[in-house]
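**Q** Here is what each chain is made of, one letter per residue.
Number of protein chains: 2
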Amino acid sequence: MHLAYTQQLADLAHTVGQMAALAGSAMDQATRALLEADLFGAEEVISSYDTMTELSQRAEEKAFALLALRAPVAGDARQVIAGIKITADVERMGKLALHVARIARRRHPEHAVPIDVRPQFAEMGRIAVALACAVRELLESRDRFRAGRLDCEDEAMDELHRRLFTALMDQNWTHEIQAAVDVTLLSRFYERFADHAVAIDSHVALFFTGASRADRGRRLRH
Amino acid sequence: MHLAYTQQLADLAHTVGQMAALAGSAMDQATRALLEADLFGAEEVISSYDTMTELSQRAEEKAFALLALRAPVAGDARQVIAGIKITADVERMGKLALHVARIARRRHPEHAVPIDVRPQFAEMGRIAVALACAVRELLESRDRFRAGRLDCEDEAMDELHRRLFTALMDQNWTHEIQAAVDVTLLSRFYERFADHAVAIDSHVALFFTGASRADRGRRLRH
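Here the protein sequences come in this chain order: A and B.
Using my numbering, you'd call the opening residue of the first sequence number 436 and step up by one each time.
Using my numbering, you'd call the opening residue of the second sequence number 436 and step up by one each time.
Any given hint could be a false lead.
Claimed, not checked - DMTMM-like, lysine to aspartate or glutamate: derived pairs with alpha carbons at most 25 Å apart:
id, chain 1, residue 1, chain 2, residue 2
1, A, K530, B, D589
2, A, K520, A, E588
3, A, K530, B, E590
4, A, K530, A, D485
5, A, K530, A, E558
6, B, K530, A, D586
7, A, K520, B, D446
8, A, K520, A, E626
9, B, K520, A, D446
10, B, K530, A, D589
11, A, K520, B, D485
12, A, K520, A, D463
13, B, K520, A, D485
14, B, K530, A, D630
15, B, K530, B, D463
16, A, K530, A, E489
17, B, K520, B, D589
18, A, K520, B, D630
19, B, K530, B, E594
20, B, K520, B, E495
21, A, K530, B, E594
22, B, K520, A, E489
23, B, K520, B, D586
What the hints assert, rightly or not - Restraint-style ranges between C-beta atoms, simulated for each label pair:
id, chain 1, residue 1, chain 2, residue 2, range
24, A, H543, B, E489, 42 to 52 Å
25, A, Q492, B, E479, 39 to 49 Å
26, B, E575, A, Q606, 51 to 61 Å
As the list claims (entries may be wrong) - Stretch by stretch, here's where chain B covers chain A in the computed footprint (C-beta under 8 Å, at least three residues):
id, region
27, 519 to 526
28, 595 to 609
29, 614 to 621
Hints listed in this document are in silico derivations from the structure and should not be mistaken for laboratory results.
A quick note: this is a predicted structure, and the numbers were derived from the prediction, not measured.
Even for Gly, the Cβ is constructed at its ideal location relative to N, Cα and C.
The following block holds chain A by itself, in its conformation from the complex (with noise of 0.2 Å):
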């Protein structure tokens, strides 16, 4: 590969891996403004999401360079749009933290969320922040040993969403319909922030290759 090349993927890889830090570190302050009903850490968050979108245009146009600096082979055009799939996931994973923040906000000076539900809360975005972490890692040192750590993360959250999902049906659940309509959602932006995560794992080797997982495993096989 031209080394200018492999020089401004690494860029776009820093640049993208940066944002999953700024996502990492605002559901960590959502989660906390969500338990603890804190308006200034909700509002934090909330106007830090401009900086996401700044990040996010400034991907997308090294993005474009680098489709420009390269004769369009179908590999590096693979790569490059890999990249861009990625920004907008990891774009989407700072708007769901934006979400739980809003609904922080909107419910101060009191809690959205009912105290016998906060542990699982609380396990969600612990869970939510390791795998932005995660993100960042597999972007910023193309550590592909990591993947297994995110599945692992992913179910580890689908678990805590359908227990939640239990609770909310169960006839012990004695709080208003409010909080089971903002348990609902919550628990949705944080499963849906996984979501994302696993979404930018099966993107990562295409980035950084061009060849694919699956690709990979065909190759292997013939």
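Place chain B on chain A using the hints.
**A** Structure of chain B alone, referenced to chain A:
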């Protein structure tokens, strides 16, 4: 523009238009399955999603072929990338129809949606189908004048979404928590369906011309 390029771009638009038609008919059938607790209809929507995945892969291959056909002139690359984004949005619309159908199936033979909010969901379904239809026309006819129509329908969808949430919070909401959870998720699915249609609307000028609406506005002002 080169003739082969123009034809292949139109061909890509046609495939994505087919996807939009499929998303629209899936949402139509999913809404009916939801309102009539129709298991057979729900199953049909769920199994038709495979076709959506196939069409999406075909659209991506066409986009890659377009990138290979032309030198990576900035405008061309932007067109193709807009095409890929539109494809992702339409595929997601299909996925949301699938989610609606899954809730209908899960609650069968019961109705997921209480009788007093069914008219709102019928209306949300109608708007979703109109939006998918408008997206298809946008892609097939390049008719930019439909843009306003999409915004208008999207606002109507947002208004229904807000009204449903108000109804949920109302003291007169006497249904089970399960119904509240289902209504919350379903309402969100319809709202997101409309969001993706609006996102497509914002990409379509770039897709057909290589210049965004904002670019063209800038050019007019200077």
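**Q** If a hint holds in the structure, say so; if it does not, say that too.
**A** Against the structure, the hints come out as follows:
no., hint, in the structure
1, K530/A <-> D589/B, "holds (19 Å)"
2, K520/A <-> E588/A, "holds (21 Å)"
3, K530/A <-> E590/B, "holds (20 Å)"
4, K530/A <-> D485/A, "holds (10 Å)"
5, K530/A <-> E558/A, "holds (20 Å)"
6, K530/B <-> D586/A, "holds (21 Å)"
7, K520/A <-> D446/B, "holds (22 Å)"
8, K520/A <-> E626/A, "holds (19 Å)"
9, K520/B <-> D446/A, "holds (22 Å)"
10, K530/B <-> D589/A, "holds (19 Å)"
11, K520/A <-> D485/B, "holds (21 Å)"
12, K520/A <-> D463/A, "holds (24 Å)"
13, K520/B <-> D485/A, "holds (21 Å)"
14, K530/B <-> D630/A, "holds (14 Å)"
15, K530/B <-> D463/B, "holds (13 Å)"
16, K530/A <-> E489/A, "holds (13 Å)"
17, K520/B <-> D589/B, "holds (19 Å)"
18, K520/A <-> D630/B, "holds (18 Å)"
19, K530/B <-> E594/B, "holds (23 Å)"
20, K520/B <-> E495/B, "holds (10 Å)"
21, K530/A <-> E594/B, "holds (21 Å)"
22, K520/B <-> E489/A, "holds (18 Å)"
23, K520/B <-> D586/B, "holds (19 Å)"
24, H543/A <-> E489/B: 42 to 52 Å, "holds (47 Å)"
25, Q492/A <-> E479/B: 39 to 49 Å, "holds (41 Å)"
26, E575/B <-> Q606/A: 51 to 61 Å, "holds (52 Å)"
27, 519 to 526, "holds (count 3)"
28, 595 to 609, "holds (count 4)"
29, 614 to 621, "holds (count 4)"
The earlier numbered hints are all upheld by this structure, with none contradicted.
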